[in-house]
Amino acid sequence: MNIKKVLYLWMTMSVVSIGFSACGQAQEKPATVAVESKITKNKPVETDLQLKLTPADWNALTKAEYDVIVNKGTERPFTGEYASSKAVGNYLCKRCNQTLFTSESKFNSGTGWPSFDAMIADHVLVVKDANGMRSEIVCSNCKGHLGHVFYGESFTDKSTRHCVNSLSLHFVEK
25 MNIKKVLYLW MTMSVVSIGF SACGQAQEKP ATVAVESKIT KNKPVETDLQ LKLTPADWNA
85 LTKAEYDVIV NKGTERPFTG EYASSKAVGN YLCKRCNQTL FTSESKFNSG TGWPSFDAMI
145 ADHVLVVKDA NGMRSEIVCS NCKGHLGHVF YGESFTDKST RHCVNSLSLH FVEK
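To convert, take the position in the sequence shown, counting from 1, and add 24; that gives this note's numbering.
Among the hints, erroneous ones may be present.
What the hints assert, rightly or not - Each computed BS3-like pair below joins lysine-lysine, with the alpha-carbon atoms no more than 25 Å apart:
#1 LYS110 to LYS198
#2 LYS167 to LYS152
#3 LYS110 to LYS182
#4 LYS182 to LYS152
#5 LYS167 to LYS87
Claimed, not checked - The following label-pair restraints were derived from C-beta to C-beta distances:
#6 ASP81 to ASN132: 14 to 24 Å
#7 LYS182 to LYS110: 18 to 28 Å
#8 ASP81 to ASP146: 16 to 26 Å
#9 VAL196 to ASP146: 14 to 24 Å
#10 GLU128 to GLU105: 14 to 24 Å
Bear in mind the hints are in silico, worked out from the structure with no lab data behind them. Owing to the predicted nature of the structure, the values given are computational and were not obtained by experimental measurement. Ideal placement from N, C-alpha and C gives every residue a C-beta, glycine not left out.
Starting from the given sequences, assemble the full structure and let the hints guide the process.
Below is the structure:
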């Protein structure tokens, strides 16, 4: 069996292990989905909002990025590149380059992670954590772990906080 077939079989049969995250706690919402993952070769980041539909087109990840995006880890608070960024532009999935959030929805929650009160519709999925205690957010294209969403905290008028790991994001300035 050649390496491509082996990788394909591994990818289609593997399910991401679920880990814990320290993003905060609050009320929960929505459903569940099955999550499959695999990283592959490095591709240049695209800035035209084009979706990458297949694992063969996904970006290579560093060990730290893989730990967060695939193994559902969490970066330490106040250490992420985008935690206090005020630049204008779009936040893309580090793994597949799908646009997830805009800088217009970003706010300072004081939690140590980038926070957004809105997501790009249909680009972010909300799924229950393995323990059912919190709502995880993942990229709808590659199912990469982004962080968690919390409702009812009143940080903004929308009372929604998407608490995202900087390691899950790539920023494209406008």
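For each hint, the structure was consulted:
1. LYS110 to LYS198: 12 Å, holds
2. LYS167 to LYS152: Cα-Cα ~13 Å, so holds.
3. LYS110 to LYS182: 20 Å, holds
4. LYS182 to LYS152: 21 Å, holds
5. LYS167 to LYS87: Measuring from Cα to Cα gives roughly 18 Å; hence the hint holds.
6. ASP81 to ASN132: 14 to 24 Å: 34 Å, violated
7. LYS182 to LYS110: 18 to 28 Å: Taking Cβ atoms as reference, LYS182 and LYS110 lie about 19 Å apart, which means the hint holds.
8. ASP81 to ASP146: 16 to 26 Å: 19 Å, holds
9. VAL196 to ASP146: 14 to 24 Å: 19 Å, holds
10. GLU128 to GLU105: 14 to 24 Å: Holds, since GLU128 and GLU105 (Cβ atoms, about 19 Å apart) stay within the stated range.
Checked against the numbered hints given earlier, the structure breaks only hint 6 and satisfies all the rest.
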